[in-house]
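K.L.:
Now for the letters of each chain:
4 protein chains.
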Amino acid sequence: MPRKSKTCTSSSTLEAAVPALEIASGVIDELVAANHILFDQGVVDGFGHVSVRHPTASDRFLLARSVAPALATAADIMEFGLDGNPLDARGRTVYLERFIHSEIYRARPDAGAVVHSHSPAVVPFSVVSDAPLRAIWHLGGILGEGCPVFEIRAAAGPGTDLLIRDRALGAALAKSLGRGSVVLMRGHGCTVVGSTVRHAVFNAVYTEISAALQSAAMRLGAVTYLNREEAEAAAACNAAQIDRSWELWRMRAERRLQPQT
Amino acid sequence: MPRKSKTCTSSSTLEAAVPALEIASGVIDELVAANHILFDQGVVDGFGHVSVRHPTASDRFLLARSVAPALATAADIMEFGLDGNPLDARGRTVYLERFIHSEIYRARPDAGAVVHSHSPAVVPFSVVSDAPLRAIWHLGGILGEGCPVFEIRAAAGPGTDLLIRDRALGAALAKSLGRGSVVLMRGHGCTVVGSTVRHAVFNAVYTEISAALQSAAMRLGAVTYLNREEAEAAAACNAAQIDRSWELWRMRAERRLQPQT
Amino acid sequence: MPRKSKTCTSSSTLEAAVPALEIASGVIDELVAANHILFDQGVVDGFGHVSVRHPTASDRFLLARSVAPALATAADIMEFGLDGNPLDARGRTVYLERFIHSEIYRARPDAGAVVHSHSPAVVPFSVVSDAPLRAIWHLGGILGEGCPVFEIRAAAGPGTDLLIRDRALGAALAKSLGRGSVVLMRGHGCTVVGSTVRHAVFNAVYTEISAALQSAAMRLGAVTYLNREEAEAAAACNAAQIDRSWELWRMRAERRLQPQT
Amino acid sequence: MPRKSKTCTSSSTLEAAVPALEIASGVIDELVAANHILFDQGVVDGFGHVSVRHPTASDRFLLARSVAPALATAADIMEFGLDGNPLDARGRTVYLERFIHSEIYRARPDAGAVVHSHSPAVVPFSVVSDAPLRAIWHLGGILGEGCPVFEIRAAAGPGTDLLIRDRALGAALAKSLGRGSVVLMRGHGCTVVGSTVRHAVFNAVYTEISAALQSAAMRLGAVTYLNREEAEAAAACNAAQIDRSWELWRMRAERRLQPQT
Chain A
1437 MPRKSKTCTS
1447 SSTLEAAVPA
1457 LEIASGVIDE
1467 LVAANHILFD
1477 QGVVDGFGHV
1487 SVRHPTASDR
1497 FLLARSVAPA
1507 LATAADIMEF
1517 GLDGNPLDAR
1527 GRTVYLERFI
1537 HSEIYRARPD
1547 AGAVVHSHSP
1557 AVVPFSVVSD
1567 APLRAIWHLG
1577 GILGEGCPVF
1587 EIRAAAGPGT
1597 DLLIRDRALG
1607 AALAKSLGRG
1617 SVVLMRGHGC
1627 TVVGSTVRHA
1637 VFNAVYTEIS
1647 AALQSAAMRL
1657 GAVTYLNREE
1667 AEAAAACNAA
1677 QIDRSWELWR
1687 MRAERRLQPQ
1697 T
Chain B
1437 MPRKSKTCTS
1447 SSTLEAAVPA
1457 LEIASGVIDE
1467 LVAANHILFD
1477 QGVVDGFGHV
1487 SVRHPTASDR
1497 FLLARSVAPA
1507 LATAADIMEF
1517 GLDGNPLDAR
1527 GRTVYLERFI
1537 HSEIYRARPD
1547 AGAVVHSHSP
1557 AVVPFSVVSD
1567 APLRAIWHLG
1577 GILGEGCPVF
1587 EIRAAAGPGT
1597 DLLIRDRALG
1607 AALAKSLGRG
1617 SVVLMRGHGC
1627 TVVGSTVRHA
1637 VFNAVYTEIS
1647 AALQSAAMRL
1657 GAVTYLNREE
1667 AEAAAACNAA
1677 QIDRSWELWR
1687 MRAERRLQPQ
1697 T
Chain C
1437 MPRKSKTCTS
1447 SSTLEAAVPA
1457 LEIASGVIDE
1467 LVAANHILFD
1477 QGVVDGFGHV
1487 SVRHPTASDR
1497 FLLARSVAPA
1507 LATAADIMEF
1517 GLDGNPLDAR
1527 GRTVYLERFI
1537 HSEIYRARPD
1547 AGAVVHSHSP
1557 AVVPFSVVSD
1567 APLRAIWHLG
1577 GILGEGCPVF
1587 EIRAAAGPGT
1597 DLLIRDRALG
1607 AALAKSLGRG
1617 SVVLMRGHGC
1627 TVVGSTVRHA
1637 VFNAVYTEIS
1647 AALQSAAMRL
1657 GAVTYLNREE
1667 AEAAAACNAA
1677 QIDRSWELWR
1687 MRAERRLQPQ
1697 T
Chain D
1437 MPRKSKTCTS
1447 SSTLEAAVPA
1457 LEIASGVIDE
1467 LVAANHILFD
1477 QGVVDGFGHV
1487 SVRHPTASDR
1497 FLLARSVAPA
1507 LATAADIMEF
1517 GLDGNPLDAR
1527 GRTVYLERFI
1537 HSEIYRARPD
1547 AGAVVHSHSP
1557 AVVPFSVVSD
1567 APLRAIWHLG
1577 GILGEGCPVF
1587 EIRAAAGPGT
1597 DLLIRDRALG
1607 AALAKSLGRG
1617 SVVLMRGHGC
1627 TVVGSTVRHA
1637 VFNAVYTEIS
1647 AALQSAAMRL
1657 GAVTYLNREE
1667 AEAAAACNAA
1677 QIDRSWELWR
1687 MRAERRLQPQ
1697 T
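Just so you know, the sequences run in chain order A, B, C and D. Read in order, the letters of the first sequence are residues 1437 to 1697 in this note's numbering. Read in order, the letters of the second sequence are residues 1437 to 1697 in this note's numbering. Read in order, the letters of the third sequence are residues 1437 to 1697 in this note's numbering. Read in order, the letters of the fourth sequence are residues 1437 to 1697 in this note's numbering.
Not one of these hints is a red herring.
If you want the ones that stay clear, here's a sample from chain A, every Cβ over 10 Å from chain B, calculated:
no.: 1; residue: T1492
no.: 2; residue: L1518
no.: 3; residue: G1614
no.: 4; residue: E1668
Some chain B residues close to chain A (C-beta under 10 Å, calculated; not the full set):
no.: 5; residue: L1575
no.: 6; residue: E1668
no.: 7; residue: A1670
no.: 8; residue: N1674
no.: 9; residue: S1681
Keep in mind the hints are simulated off the structure, nothing from the lab. All of these numbers come straight from a predicted model, not from anything done at the bench. Backbone N, C-alpha and C fix where the C-beta goes; we use that ideal spot for every residue, glycine too.
Only chain A is shown next, with the shape it has when bound in the complex (with noise of 0.2 Å):
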C-alpha cells in the first residue's frame, strides 16, 4: 500500500533555530572536501550525502544542505540534531533522507560518519538475494562474510518510493546495518559508516570498487572470498592506511571540480 501524506520536495522546517557550538574550521572543510572526493571518485552523482557526528556534541551531526554534493561548500553545512530535525536551518533546504543518519548516529554510538549513495556497482547487488556482497580482497575487508541488505517493504510495506522519509524508517535502517560498516538498500543503494569522516569515505570508495570487482569475479567462476579472519585483520590495516587515500584523493577532487580560470 502507497504511504500516505508524504512530500516529495526537499522541505525546510519551522524549528526554532538552536545557536550553534563553535566548530573548528577543519572539521567543516573536511566534510566539504568528503563531499566532493564521493562525487569524484564516483561513489554519488547528484544524489547521495556524507554526515559527521558533530565533533563537540554527540547528539548532533552535521550534513549539507539539499544540494549535489559536488557543489556543496562550507556554507552549506547545516547542524542536525538525533531527531533528523536542522538546529538553525536559516532556510536552508534539506535532504528528505536525513534520518539514515540521524538513526544510525543513535544506534551506533562508535559511528563518527555516515556517507549514504547510490553506489553503481553496489545497486545490483541490492536486488539480487543470492549475491551477497562480502569481502573478495584485502580492501575490501570491512564486507566481511557479506552484508545486510534493507528491504523496505519488510518495514513499510510494499509501496513506498523507497525512501527513508522519517524516524522510524531510518531506525528500521539502522537495525538491519547492525554492528556492520555497510548495508545495502534494496532497489535503492547503500549507506556506510566509518569512525571519521576519512574513514567512512574510505569505505564507501572500496565498497563501490569491492562491489566491481566481485561482479567481474563472479563471471569467471567460483570465487574463492576470504574468510572472516583474514577480512577482519584487513579491514584493521586498511583502517591505519586510509591518509594515504585521502591525500590523492583530495588532491584529485580539488582540480577537477575546480573552475578552470
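Following the hints, put chains B, C and D in place on chain A, whose structure we already have.
P.N.:
Chains B, C and D alone, transformed into the frame defined by chain A:
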C-alpha cells in the same frame, strides 16, 4: 523490401518562412544546455537530439539544426510545425528523424520535451526480446514494469535503414510509446519524454544509468524489480528533485565543453 | 614453427629517396587529425595506425612513421609504395605492419583509407570462433551479417608473433577481408577500410562501439540482429552522415590532446 | 590463525644511515614517471608501488616512501637493501610490503624493476582458481599459457591480512613467481617484473588490459588462446616496442597530473 526514394543526406526544405513567435531567451538557453548535458552525460554522441514544445504555441516545437548536440548553439535552434517541417529554415539543414518529435507532440499533449538517443546501455535491451528494460531502482521509476520496444519491421517491413524518416513512422513510434515515458527502438536506440526539458533530460540520463544497472544485476542472478506502486511513487518523487541534478550536470557540461583558454 | 630471421625493432629502410608528389596540405592535416581522433575515441592506444591512399597517385599511400598515433604530426607523415616500402624515409623508422595497408590498397581499388587497431571491444570477438561480430544496430551496418576473422596460423603456421610482417601476410589478410569493410585478426585486433579517411575513422569508431554493444546484448539473451537489407541500407545512410561526427571528434581530440598552457 | 604482533601503520626504521651511491638523475626521473604512469593508466590507485634495481649496486633497489604513486616526487625515492630495510630513511616512512621487491631482486637476477599493484581487471582472476590469466592476444604475450597464483594461506595460514609483511612471505611470493613475469596474489593483486622500469611498467599496463580482454572474451564463448610459441614470440617483439608506449604514457601522465595554473 528496401524502402525506395529515401534521402541519406540531411536536407533543408522549401517551406516558406513563417515568422517566429517571441520566445523568452531562457527557453533557448535551456535547450542548448540540454544538448550539451546529454553529450556530457553519455546519452548522445555525434547523433541524437532533444526538442522542447514551443512555450506559447503548442503546435510548434524547437529543435537544433542537424549538428552534433555537443556543438549546438542558440543560433542552431529552429522552429518546427507538428508536420515535422521547419518554419524558418534559413538554409539550415534538419535532422532526418525530426518526425520522432513532431508525432510525439501530436499524440501526447502532456509531452513538453523529447529526447531521442542511441543511449549505449539501452541499445542492448532493444535487441533482446526477453529482457525488458524495467525499474530496478527508485531512480528508474519511470521504466515501470517494462518499456515497450518499437519494431520497425512491423511498421515498414524488413528492409529499412531503421530510421524514423517520415510522419507515418513517427506516428507508429508514438503509438508504441503509448502513455509511457520511454520507448526502445529495436537495433537503434530509444526515445524519452518529459514534461519539461529538464524532466526529459533527467529521464534520459537515468534511463541510461538504469539500463547499465539492470544489465549488471541480471548477470548476478534473479532480480527483484520495483513493483508498479513503488515505481510510480518513486517516479513522482524523482520529478520533484530534478533541479539538484540539473545544476550539477549544467556546471559539468559547461566546464568540460567550453574552450580552454 | 616459429618464423625465422624476423626483426623486432622498427626499421628504416635503405630505399633510395623518391621525390614526393605535391599533396594539398588538407590531406596531411586530415590524416594527422585521424591519428588523434582514433586515440581520443579509444580505438588505438600507443599502437595502431591509419593511412590514406595518395590523392593523386593511386599506387602510393601516406602513413605516419613509427609513432604513437596521439603524438603524430605532419612531419611524421611518410609516403609509401604498394610494396610497403617508404619512398622518402629520411631516417624515419616505419611501422612493422605497414604491409596491412599496402596489400589492402593493392587488392581493393575502392579502399581510400585503412585503419589497423587493437580496438579493445573487438579483440574478444577475434578469439571466440562462435561469436561473429555482426550488425546489431544501424550504426554498425558495415558489419553486415558477420565479419571474417583472419587466422594467421592458416597463413604462416602456429608459431608467429601474430604480426603482419611481410607482403605475403598482408596479402593473406587482404584476402580474408574480401569485399567487406572490417576484418578481425585472431588474438590481435582488426583492420577497417573506408572510401576516405573520415569514412575509415567513422567505420573504426563504430566498429568498436558496436562490438561493446553486441557483447552487452549477448549477455542479456538471444539477439535480433539487423538482416542483410537493413545492414546495407543503414551503412549507406551512415556514410552520408560522417561529417557530423567528424566535427565533434576533431574538436574533442584537439582540445584534449593539445598542451595546456 | 591470525598472525600476531603485526603493525598496521607504515613505519620508519632504526637503521643507521648508509651513504647513498651516486645515481644518475635520469634513473630517479624514470622511476618517478613510472609512478605517475601506473596511476594514470589505472594500474595503481592510492596503493601499489614500483621499484628499480640500483643501477650500480645490484644488491640495492630504489622505491618511493609510503606515498600514493601519483604524488611521488624525486625527494620521495629511497634506497633499500635486499633485506628490505631502507639505507637512508631520514624519517621517511616505508611501504609495508617492500619485501615483495627485495625478495624478487634476490631470487631473480634478471629482474631490473618490479611493480606491485591491485590491478583491477586482474584481481578477479586471482580469486577464481579455474580461470587462469593467460595470453589472449599478442600484447599479453608475457602471460604465456597461464600465470601462477600465490595463495598466502599456503605460506602463512588462513588468518593473515593478505599483505607481504616480511621476508619469508616475500620469498614465498618470489617462489610462486618462478621464472615468469607475472604472479597473481589471491584476494590481493599481482606483481609484475621487467628488465627495466619501462619494461616492468609496460608489462603491468598490458597485464591489466589483457585481463579485461580475457574477461570479456570468456563471456562470449570458448576462447582460442595464444600457444606457447606465439606467446613467446609476441613477448619478445613487444619488448622492442616499449618506447613508443612510454612516450605516450609519460606525456599523458604529466599533463593530467600536473597542477593546472
